[in-house]
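A.B. asks: From first to last, the protein sequence lines are chains A and B.
If you're matching positions, the first sequence starts at 1 in full-length UniProt numbering and goes up one per residue.
If you're matching positions, the second sequence starts at 1 in full-length UniProt numbering and goes up one per residue.
No lab work stands behind these hints, which were simulated from the structure alone.
Remember, predicted model here, so these are calculated numbers, not experimental data.
Please note that a few of the clues may not be correct.
No copy is singled out in the list; a pair is fine if it fits within one copy or between any two copies.
[To be verified] Think about it this way: if two alpha-carbon atoms lie no more than 30 Å apart in a straight line, the pair counts; the simulated DSSO-like pairs of lysine-lysine are:
(1) K175 - K165
(2) K165 - K39
(3) K246 - K204
(4) K51 - K328
(5) K2 - K246
(6) K44 - K122
What follows is each chain in one-letter form.
Number of protein chains: 2
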Amino acid sequence: MKSYNVAVVGVTGMVGQKMLQVLAELEFPVNNLYPMASKRSAGKEIVFNGKPYVVQELCDEAFDQEIDIALFSAGGDTSARFSPVAASKGVIVIDNSSAFRMDPSVPLVVPEVNPEDLDWHKNIIANPNCSTIQAVVALKPLYDAFGINRIVYSTYQAVSGSGVKGYSDLENGIKGEENTFYPHPIAYNCLPHIDSFLDNGYTKEEMKMVNETQKILHDDSLRITATTVRVPVFYSHSESINVETKKAFELDAVRHLFTQAPGIILQDDPTNDLYPLARVAENTDEVYVGRVRRDFSVDNGLNLWVVADNIRKGAASNAVQIAFELIKRGLI
Amino acid sequence: MKSYNVAVVGVTGMVGQKMLQVLAELEFPVNNLYPMASKRSAGKEIVFNGKPYVVQELCDEAFDQEIDIALFSAGGDTSARFSPVAASKGVIVIDNSSAFRMDPSVPLVVPEVNPEDLDWHKNIIANPNCSTIQAVVALKPLYDAFGINRIVYSTYQAVSGSGVKGYSDLENGIKGEENTFYPHPIAYNCLPHIDSFLDNGYTKEEMKMVNETQKILHDDSLRITATTVRVPVFYSHSESINVETKKAFELDAVRHLFTQAPGIILQDDPTNDLYPLARVAENTDEVYVGRVRRDFSVDNGLNLWVVADNIRKGAASNAVQIAFELIKRGLI
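Could you build the full structure based on these sequences and the hints that come with them?
C.D. replies: In structure tokens:
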């Protein structure tokens, strides 16, 4: 099998570290690894597949090296600055930031949902927001079978979505120490505030869920609203998703779809206490779907509870799965 | 001012203890206090307003004493068994259990919302479910001003809603110990499971929110669905509430209503990080409303974030407020 030279940009961050772990675990065919980070972290040693590597400083010239794929997870500003440079030098960038997600010339891809969008990439491919990825994996089979009119999202999001700083705030808060990152204590609290606020009263995170869901499902007519909330959980986002389909459905047919759909594990046996849980999803790549119930308050209404590891399926694993899909489709 | 002989049934439980605290703090005119509990707790000493009292065993004969009001919080079975006995002996029972809530002959009352229902009580008055109380306090001004077509609830509920056992599970879970009450770890997890499951796939808690909202607002045509979730928070329930009103509204008018409505504190200045928080609501009697936003996905759509202390406004304080309202209306 052919192997590839892979750069991981932002390799010392939480998602960057997870990218290394997932590349190794999923046995991505890595030839040479190019770990990169900001000047501050350059020179540090990281380990991949049992071998030590020295972290390179991210700079334009770094992409003159023989790199096939660069997995970026170093924040939006860094991506905006360096992804086009890498792309112009023939590197295929899979970018975990929000910098290019809504750029119409950049595909926004979840491999289980819209792999065909990879076919028109121009060397930058955007990895969607964590909370969107798991939602669209769950919604795609419903969308195909019944159509979707409207979605109401309420999320229960883990602190690891804020990286090491959010994680530390929860760890420290549990010990009775002050927050340094979130504006309010996250220990034993729910913060209806993820990313910054916009003029319309929504957070950026909420609007990401609205806009990215439409883009990934190629349907600007989808009506969507979202309330996104940080909860004192370390890993895995949970989501209460209320859906109105276009066509009528039977619940058994819905459950059957979930058993057949790629990337989904149906956990829906509530009388035996089986439903998706953050701590069960942790460190896995699947999207867990359960609490499948009819919403009697509207025609064709459905309630779902959807959980996935936000750092793996919501970030690192989805990026690596995109890389695999590029190989499968002969695009690299 | 006239004072009243008050029994607190289930006085050693978490809500019973809070009832004592609230009676004292709100200066309810208590003449004699009759603390009652099961045989197991009888004989214990409790303190009210600085004075010690011995806990009496709950039995039929206990209500032969000179008691005006009995605040019950000892579970549904105990209420079902003893509330009718107390009521038949002329005691006005304010019952915190679910035993009588949906009984058409029993008023289900939140004083800010439907105090007039007290007028037809027959010595048993039901205190609504914690998650319902805070929701209807927030929804009532909207209902009156604009009408409501449909409500989608997603809740973030504190472990104290399960009493001491739930509280201990979170305390112990944080220390790395096993749960003994919840079927799954509650530390760093979200459990979409409150109370037991019904044949329709909903939990009893979810159906309580549906049915009790309709009863309190006197509107069986209200279309409601709910997903109720236990989160690792000690006190205060948070709720993401999506509402469709009948008439059009302006957001400023909605916010103004919340500033005028009884029992509500509007906290809605997100750019200054002001929105309702569980840890701010803790140990207060108000319902906090914020994240007031238009839901663009539907006509007359509105999103709210509503938080209140589940043990105080969601239980003990609402019961004591009912007792005050009985006095105010000359019903006792």
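A.B. asks: What hints, given by number in increasing order, does this structure fail?
C.D. replies: 5 and 6
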